[in-house]
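Trainee: This is what each chain is made of:
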Amino acid sequence: MEFKIKDIANLLRGTVDGDGEVVVNNISKIDQGIPGTLTFLANPAYTKYIYTTAASAVLVSKDFQPDSELNCSLIRVDDPYASLAELLQLYQQMKPSRKGIEQPSFVSPTARIGEDVYLGAFAYVSDRAVIGRNVKIYPHVFIGEDVVIGDHTILYAGVKIYPDCKVGSDCILHAGVVVGADGFGFAPNPDGPFTKIQQVGNVIIEDMVEIGANSTIDCATMGSTILRRGVKLDNLIMIAHNVEIGENTVMAASSGVAGSSKVGRNCMIGAQVGISGHLTVGNNVRIGGQAGIMSNVPDDVTIIGSPSQDHKDFMRSMAIFRKLPQLSRDVSDLKKWMSSQDGK
Amino acid sequence: MEFKIKDIANLLRGTVDGDGEVVVNNISKIDQGIPGTLTFLANPAYTKYIYTTAASAVLVSKDFQPDSELNCSLIRVDDPYASLAELLQLYQQMKPSRKGIEQPSFVSPTARIGEDVYLGAFAYVSDRAVIGRNVKIYPHVFIGEDVVIGDHTILYAGVKIYPDCKVGSDCILHAGVVVGADGFGFAPNPDGPFTKIQQVGNVIIEDMVEIGANSTIDCATMGSTILRRGVKLDNLIMIAHNVEIGENTVMAASSGVAGSSKVGRNCMIGAQVGISGHLTVGNNVRIGGQAGIMSNVPDDVTIIGSPSQDHKDFMRSMAIFRKLPQLSRDVSDLKKWMSSQDGK
Amino acid sequence: MEFKIKDIANLLRGTVDGDGEVVVNNISKIDQGIPGTLTFLANPAYTKYIYTTAASAVLVSKDFQPDSELNCSLIRVDDPYASLAELLQLYQQMKPSRKGIEQPSFVSPTARIGEDVYLGAFAYVSDRAVIGRNVKIYPHVFIGEDVVIGDHTILYAGVKIYPDCKVGSDCILHAGVVVGADGFGFAPNPDGPFTKIQQVGNVIIEDMVEIGANSTIDCATMGSTILRRGVKLDNLIMIAHNVEIGENTVMAASSGVAGSSKVGRNCMIGAQVGISGHLTVGNNVRIGGQAGIMSNVPDDVTIIGSPSQDHKDFMRSMAIFRKLPQLSRDVSDLKKWMSSQDGK
Chain F
1236 MEFKIKDIAN
1246 LLRGTVDGDG
1256 EVVVNNISKI
1266 DQGIPGTLTF
1276 LANPAYTKYI
1286 YTTAASAVLV
1296 SKDFQPDSEL
1306 NCSLIRVDDP
1316 YASLAELLQL
1326 YQQMKPSRKG
1336 IEQPSFVSPT
1346 ARIGEDVYLG
1356 AFAYVSDRAV
1366 IGRNVKIYPH
1376 VFIGEDVVIG
1386 DHTILYAGVK
1396 IYPDCKVGSD
1406 CILHAGVVVG
1416 ADGFGFAPNP
1426 DGPFTKIQQV
1436 GNVIIEDMVE
1446 IGANSTIDCA
1456 TMGSTILRRG
1466 VKLDNLIMIA
1476 HNVEIGENTV
1486 MAASSGVAGS
1496 SKVGRNCMIG
1506 AQVGISGHLT
1516 VGNNVRIGGQ
1526 AGIMSNVPDD
1536 VTIIGSPSQD
1546 HKDFMRSMAI
1556 FRKLPQLSRD
1566 VSDLKKWMSS
1576 QDGK
Chain B
1236 MEFKIKDIAN
1246 LLRGTVDGDG
1256 EVVVNNISKI
1266 DQGIPGTLTF
1276 LANPAYTKYI
1286 YTTAASAVLV
1296 SKDFQPDSEL
1306 NCSLIRVDDP
1316 YASLAELLQL
1326 YQQMKPSRKG
1336 IEQPSFVSPT
1346 ARIGEDVYLG
1356 AFAYVSDRAV
1366 IGRNVKIYPH
1376 VFIGEDVVIG
1386 DHTILYAGVK
1396 IYPDCKVGSD
1406 CILHAGVVVG
1416 ADGFGFAPNP
1426 DGPFTKIQQV
1436 GNVIIEDMVE
1446 IGANSTIDCA
1456 TMGSTILRRG
1466 VKLDNLIMIA
1476 HNVEIGENTV
1486 MAASSGVAGS
1496 SKVGRNCMIG
1506 AQVGISGHLT
1516 VGNNVRIGGQ
1526 AGIMSNVPDD
1536 VTIIGSPSQD
1546 HKDFMRSMAI
1556 FRKLPQLSRD
1566 VSDLKKWMSS
1576 QDGK
Chain G
1236 MEFKIKDIAN
1246 LLRGTVDGDG
1256 EVVVNNISKI
1266 DQGIPGTLTF
1276 LANPAYTKYI
1286 YTTAASAVLV
1296 SKDFQPDSEL
1306 NCSLIRVDDP
1316 YASLAELLQL
1326 YQQMKPSRKG
1336 IEQPSFVSPT
1346 ARIGEDVYLG
1356 AFAYVSDRAV
1366 IGRNVKIYPH
1376 VFIGEDVVIG
1386 DHTILYAGVK
1396 IYPDCKVGSD
1406 CILHAGVVVG
1416 ADGFGFAPNP
1426 DGPFTKIQQV
1436 GNVIIEDMVE
1446 IGANSTIDCA
1456 TMGSTILRRG
1466 VKLDNLIMIA
1476 HNVEIGENTV
1486 MAASSGVAGS
1496 SKVGRNCMIG
1506 AQVGISGHLT
1516 VGNNVRIGGQ
1526 AGIMSNVPDD
1536 VTIIGSPSQD
1546 HKDFMRSMAI
1556 FRKLPQLSRD
1566 VSDLKKWMSS
1576 QDGK
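Residue numbers (the numbering used here), protein chains in the order written: chain F, 1236 to 1579; chain B, 1236 to 1579; chain G, 1236 to 1579.
For the record, the hints were derived by calculation from the structure and aren't laboratory data.
Keep in mind that the hints are not guaranteed to be accurate.
Note that the list lumps identical chains together, so a pair holds whenever it fits in one copy or between two copies.
Straight-line distance between alpha carbons at most 20 Å, and here's what the computed PhoX-like set of lysine-lysine pairs gives [stated by the list, open to error]:
1) 1297 - 1241
2) 1558 - 1547
3) 1431 - 1330
4) 1330 - 1571
5) 1431 - 1371
6) 1330 - 1401
7) 1334 - 1283
8) 1497 - 1330
9) 1239 - 1579
10) 1239 - 1431
11) 1334 - 1497
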């Protein structure tokens, strides 16, 4: 798809500085500078690239003043990053969208499929499942018995949803996500293998949740594992049985929350973080990458480390950790000196 | 499904205290207190909830004595938690079970399928595979050439098993598990890319093993990667080539064992643990979450940390770690004082 | 398949010591010693096993001199490990190879499929995808619109590739790998859920790349996430949007690289390593298991720890960490002594 700069400027309620007839066919980063593309300048640290970029046009702030000559056209807008997000959204919407029921697919006669649903070949919908309007179910998706999927939700290729789980509206589950597999519950036996505790609960995913590729959300032992409205999970994340994640909390890749823990609203959780079981993490908590959370966490704190502690305290201790060999030598010297003094 | 309290009490060899005609249709946790459900009181810390729960009935110990009035019926049993496990088991068994061969599925003419097998649509069984009695193969399962699956085993949607692997009886492999992918073996080259070492071994999974969603068990370079009877693995776990995990060892989510290591029997391994390659971990070992095991581990120890050490020693060192800035200041003060003394 | 020792010796340009008519049907490790197999002695630490192994024949170095009597035939070669790799390669090539188009599979009429391609049942190829010669596409693979797959590449069961991604020649993607899922990009909102930043970039995987089971490579926000020629990734690895991994870099299981970071050539990265976003890691860098990389890394260093530091420095500090309780007591004693001196 090709667009004239002047048409993009109109879409974004901006103005053109330079040749509005220039045509672009994609969006690029300013330091990559690909000819024939539109790029953007949102972070001042990248300003230097605008003088050398091979891109054909750049989204800039209304009040941007170049220091020297430019080889590209400019589109001036109020907020280049917001305009970029809007433009990416428009670009995405123009792509042809998957529609209709492909064959062979498998739909139980007792399932209910909403209007305008895309159902890919080799997708499987079990008994009594209810699929909302405008849902996209890609190939190789498995939907178990009595599952409910809300309107406008996208299940990418290979998503697996166990029976009784509920997924809200406007959700996106990426390829390979598994929802509702058994929680990890076993009772020890005096002799021989553990006894499996049957897991009879489900998973409830509220609206506007996004889950990254190959993440797994286990069902509750009883009751529900819950992802509240607006939760965003990255790839390869593990959410265990009976966990609840609060509204708009985001979690980076390869993190995990163990059984029955509750994480609050608006938290930002780094990658490879582990949260132990049966804990409560407050609201607005920030957790650094690779932290290990082994006790309850109050609201509004920033923590890191394994076991975790206040972020600044951790960094101060870690600065001394790096000097421990010197500190140890100093103490040895002091002890020797003390002995020599005592010997006097 | 609905049940009268008195019928549940009979099943569990217990007695009713209150109205036995009360009907319940599900099981819940006592602190959630969902009307119309049966709940249980096994942990004394939760006793307070019994006076306010909206649940219709509660499983309690024979000798439970309420301190004030209750709004629910009681079922008195010897061991409420064991009775709960039994009840969950019965509940699970009453659910209708998948049966028969769905179409389209793909079964090689040289494969052998046992009696009472469920084979979901879009499942694939390769040449010479042997599937035992009463096995459940969900949609999108791939079974490679010469694979053997024991009786009563469940392979949930999207399980992938490479050629030559063996899975025992009464196993459960959750959605997205990959068994038998190539071990990570490459020989360095003086110039250019590594040379792949072909992986010609397999995976042997003994009876009563459960593997969580999206975990991966690599095949051996030569010989076998082995999960012994009763091993229980959580989600997103990585077991590398030629590893052996001993009987009844359990491992929590996102942990990994590198190539050729052997882990003993009855170990309990936390989440996000890493065990390096070519090590031996003894029997009855407990490993805390996020530990990094870089040397052999004897029997019967509890370890944590990265690199790991005795659990109590680690906690003692970590307590001082948090006070390192103060310790460092103390040493500075001592050095200054020593200088001042020397200057006298 | 069965082979005479003398024929194997011929293949490997070696000589037989003992009975060349002995027949073997598999390859094993020398300490496992399985009768009827060929094994090898490459690591001198394993020499003791050659006197007791039940294997029928052993690959040894030309100049190997036994100390006592052997029960097995020998094949003498220049480099036993190189010969083993060659033999495994030959063994693998003799296995029957999957060929042809199985049904039901789904191929868009606008897709182009090369010669000698294997396309498994339930595989899905979208519009305008281009599949090279001799590619193997196993069952349950999903290939999105406009994807390009190079010659001789293998996509194992359940691989999912999002639209517009490119995979080179001679690549191997193991079961469950997801290529091109959306990068984790969201813009905060003053009220309510985050706004999704549409991800319009792709993934470029160059030639001779291998990716382990259930790993995920996210697409770029704009532009490309790139795995350069010869990159080898283990299982359950997360590569985020706009990351670039340099030629011949290898990365062990469960590691992750956050958005926009660049990792150099010929790096060896351990398991469960986390590399933060927007960083540059140099060439020939070695990173120990569970390390957390939070700042740029120069060429040619070996680092470990979280946050990471020089490997030897870390080990020295860690040695003192283990003695912190004693160090703390020493400082207490010194302070007491100082007080007593001051009091004099």
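Trainee: Now, for every hint given, state plainly whether the structure supports it.
Mentor: Status of each hint after checking the structure:
1. For the identical chains of this complex, residue 1297 and residue 1241 are intra-copy neighbours only, at 15 Å inside a copy versus 76 Å across copies, given an alpha-carbon limit of 20 Å.
2. In the homo-oligomer, the alpha carbons of residue 1558 and residue 1547 lie at most 20 Å apart both inside one protomer (17 Å) and across protomers (13 Å), since each shortest distance falls under that limit.
3. Within a single copy, residue 1431 and residue 1330 get their C-alpha atoms only as close as 47 Å, which misses the 20 Å cut-off; across copies the closest is 17 Å, which meets it.
4. Within a single copy, residue 1330 and residue 1571 get their C-alpha atoms no closer than 76 Å, and across copies no closer than 71 Å, so neither meets the 20 Å cut-off.
5. Taking the shortest Cα distances, residue 1431 and residue 1371 sit within 20 Å of each other only across copies (18 Å), while inside one copy they are farther apart (35 Å).
6. Taking CA atoms no more than 20 Å apart as the test, residue 1330 paired with residue 1401 passes between copies only; the shortest distance there is 19 Å, against 29 Å inside one copy.
7. Taking the shortest alpha-carbon separations for residue 1334 and residue 1283, neither the intra-copy value of 44 Å nor the inter-copy value of 54 Å comes in at or below 20 Å.
8. With identical chains, the CA atoms of residue 1497 and residue 1330 are never at most 20 Å apart, being 39 Å at best within one copy and 30 Å at best between copies.
9. Taking the shortest Cα distances, residue 1239 and residue 1579 never come within 20 Å of each other, neither inside one copy (90 Å) nor across copies (84 Å).
10. In this homomeric assembly, residue 1239 and residue 1431 never come within 20 Å of each other (Cα to Cα): the closest approach is 63 Å inside a single copy and 26 Å across copies.
11. For the homomeric pair residue 1334 and residue 1497, neither the shortest alpha-carbon distance inside one copy (38 Å) nor that between copies (38 Å) is at most 20 Å.
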